[in-house]
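Participant: Residue-level listing of the chains:
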Amino acid sequence: MTLKDTQPGMVVRIDALGESALKQRLMTMGLIPGTRVEILNSAPFGDPIALRLRSYNLAMRRDDAASIQVTQLK
Amino acid sequence: MAAISVALTGNPNTGKSTIFNELTGARQKIGNWPGVTVDKKVGLVEYKGRKISVVDLPGTYSINARSQEEQVVSDYFAENKPDIVVNIIDASNISRNLFLTVQLMENGIPLILNLNMMDEAERRGIRINEQKLEEIFGMPVTNTVGRSNKSVKLLLDVFTNTRMANYQPSEIFQQHLARVNQIKASGQPQEKIDEEIITARYDFIDKVMDAAVTINAADKGLTEKLDSYLANGVSSLIIMLVAFYLLFQIAFEWIGQPLADMLGEFFEETVAPWAAEAMASAGVAEWMQSLVSDGIIVGVGSVLSFVPLIFTLFFFLSFLDGTGYMARVAFVMDPIMRRVGLTGKGIMPLIMGYGCGVPAIMGARALDTHKDRMISILITPFLTCSAKVPIISLFAVMFFPDNAANVIFALYFVGIATAILMAKVLGGTAFKGRQSTFLLELPPYRMPDMKTVLLETWDKGKGYLIKAGTIIFAMSVAIWFLSNFNSDGMTEEMNESYLAGIGSAAATIFAPQGFDTWEAGAAVVTGVLAKEAVVTTIGILYGADEDAVDTDDAEGTANVLMATGMATAFTPLAALAFMVFTQLYSPCVTALGTIKKEAQSWKWMAFAFLYTCAVAWVASMLVYQVGRLLGF
Chain A
1 MTLKDTQPGM
11 VVRIDALGES
21 ALKQRLMTMG
31 LIPGTRVEIL
41 NSAPFGDPIA
51 LRLRSYNLAM
61 RRDDAASIQV
71 TQLK
Chain B
1 MAAISVALTG
11 NPNTGKSTIF
21 NELTGARQKI
31 GNWPGVTVDK
41 KVGLVEYKGR
51 KISVVDLPGT
61 YSINARSQEE
71 QVVSDYFAEN
81 KPDIVVNIID
91 ASNISRNLFL
101 TVQLMENGIP
111 LILNLNMMDE
121 AERRGIRINE
131 QKLEEIFGMP
141 VTNTVGRSNK
151 SVKLLLDVFT
161 NTRMANYQPS
171 EIFQQHLARV
181 NQIKASGQPQ
191 EKIDEEIITA
201 RYDFIDKVMD
211 AAVTINAADK
221 GLTEKLDSYL
231 ANGVSSLIIM
241 LVAFYLLFQI
251 AFEWIGQPLA
261 DMLGEFFEET
271 VAPWAAEAMA
281 SAGVAEWMQS
291 LVSDGIIVGV
301 GSVLSFVPLI
311 FTLFFFLSFL
321 DGTGYMARVA
331 FVMDPIMRRV
341 GLTGKGIMPL
351 IMGYGCGVPA
361 IMGARALDTH
371 KDRMISILIT
381 PFLTCSAKVP
391 IISLFAVMFF
401 PDNAANVIFA
411 LYFVGIATAI
421 LMAKVLGGTA
431 FKGRQSTFLL
441 ELPPYRMPDM
451 KTVLLETWDK
461 GKGYLIKAGT
471 IIFAMSVAIW
481 FLSNFNSDGM
491 TEEMNESYLA
501 GIGSAAATIF
511 APQGFDTWEA
521 GAAVVTGVLA
531 KEAVVTTIGI
541 LYGADEDAVD
551 TDDAEGTANV
561 LMATGMATAF
571 TPLAALAFMV
581 FTQLYSPCVT
591 ALGTIKKEAQ
601 SWKWMAFAFL
611 YTCAVAWVAS
621 MLVYQVGRLL
631 GF
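Taken in sequence, the protein lines are chains A and B. The opening position of the first sequence corresponds to residue 1 in the working numbering, with each subsequent residue numbered one higher. The opening position of the second sequence corresponds to residue 1 in the working numbering, with each subsequent residue numbered one higher.
It is worth saying that the hints were derived from the structure and are not from the lab. Every residue gets a Cβ at the ideal spot worked out from N, C-alpha and C, and that includes glycine. No incorrect hints appear here.
Across the chosen pairs, the derived CB separations fall in these ranges:
#1 B:Phe-266 to A:Gly-9: 54 to 60 Å
#2 B:Thr-160 to A:Glu-19: 46 to 52 Å
#3 A:Gln-72 to B:Ala-178: 34 to 40 Å
#4 A:Gln-7 to B:Ala-26: 45 to 51 Å
#5 B:Ser-186 to A:Lys-74: 36 to 42 Å
#6 A:Glu-19 to B:Ala-178: 25 to 31 Å
#7 A:Gly-9 to B:Ser-186: 38 to 44 Å
#8 A:Glu-19 to B:Arg-339: 23 to 29 Å
From the derived model, a few chain A residues whose C-beta atoms are all more than 12 Å from chain B:
#9 Asp-5
#10 Met-10
#11 Gln-69
Kindly generate the complete structure, drawing on both the sequences and the hints.
Facilitator: Here you go:
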């Protein structure tokens, strides 16, 4: 499953980041394999999504989240 | 002793600017870093007899030169060796904030770590062992609570007393450094190396977190609770629209407009008569009296009347930005903006464009990519700025008395539709490139620091004042000259002036639009100076008494003008074409000057002028010709 397919309320762990133009920016923002991510809420029509990781909140589009492999924890 | 040089660095949303403002107050200078549109803020402090110069580097998440801001910071450290670098950290968000810290340390930059927002971190159940942090990083660690004066004094003490040489990185950091060097020497492709280094940094940060930070995860914070309303689903969009409606209502109708009216009245009833009397009694030449009264005072007065509006709007936007709500606006609007090829961050400049194009164009600098910035700048002129409102209200009331509100609404729609269409066209031609992305931190909601809000308001407003003041002053003199002179010298009859000549020349290209009169041509030309001038020019040229033309009172002005030749000079269809043209054509000179500055190119300024005129010409021709075919 990828981060794209998650819904608000879920908690996931990042397994891997696929290749994308955004990869290094995502990693710099703390999206590293092993990081715990909570999906908080979403914009109108469900996209983009707001995430909580490393004690801060980050918004990203679902398309950009598609390259991030995750495992659901909750 | 020489001044101590201090640089402040840190992530966005850490309260860095607030600390800078507390340190330097009004004694700061704001300029530009060479070659980019990133603010450079420098201030001077005196403390215990020592001069301290402080530079506020732009907020960045890293120094990888992926954005203008990151480029500025990495260039700064490549070229400068400040005595002290303070890395300001949002203590409630310490893990990601430390990424920049580690990267700076790898580059051998000696740091002081300042944990800001300690109160907020405690509320969040985050406890930081500062002693431990000092040990691990081998650097002085201080803490502040944002905007307390005590904190700032403490920082100044640190600046003057700290001996950076006393600190040495710990064993555990040396190990991290060794690992980074190993990765660099591994001979893998650069991309792979960069990624492994990022991972290594977070590995190190996780060790630091384990050793020095405990997090007793509290329940959902206030921010998350608020966001479940303010940034969640379609209802958040409705809340946002209501919020902005109220904001504009308050900024324009309640505060800005009354102040503007007072200022306008002061100019008309106090300054102008006083100047006229003073000049008359001093025996100043008549042409000079005319220049001062009709040219300079009228022209500069019209700009000054905008100042309260601009300052009020900037104040509210700075305040909202300080609360963290602006990031939510971008979040909520992204689904809509994405369909136009832009991103949620692009909504703010566009919203401002309904007030005035100048701050809107300046606001585009906050966007991520060159493509987003340029498209935003180039579509802003199509929006209905407050100066265009008098034109469409006057013409709507005069020529469509039964449907005025609908016509006005339709023109707003023409503006936004053209902007969207041109965003698509520009995105597919001149600025072709990959789809823009949207990655945005949603900072915690906070009470903004008033000092920072006021300084920001003043800084942005001052820029408008100076630019508008100089350009409009020069143009007022030029227009006065053109409308009062011809080749024989000064003339009483405006229809024999240079302006009439220029107006007739301009009018020849408006035959397909049905408004090829020299009066309309002249109004279009003066409208480039300032959009308010369109109504003023039309009024004066059709022989209305100058005082009867009130840009705020469309109905009254329309009644006066109905009695003049204007009523028959335009057919309703030609009037509609004229409205569409003035809605879309060239930005005013102040906006053009701003485009030149923000795009850093005369070429793009010329393009903005020519392509908006072309679009306006075609659109207004379509209105007139199609209207005729339909039998209007």
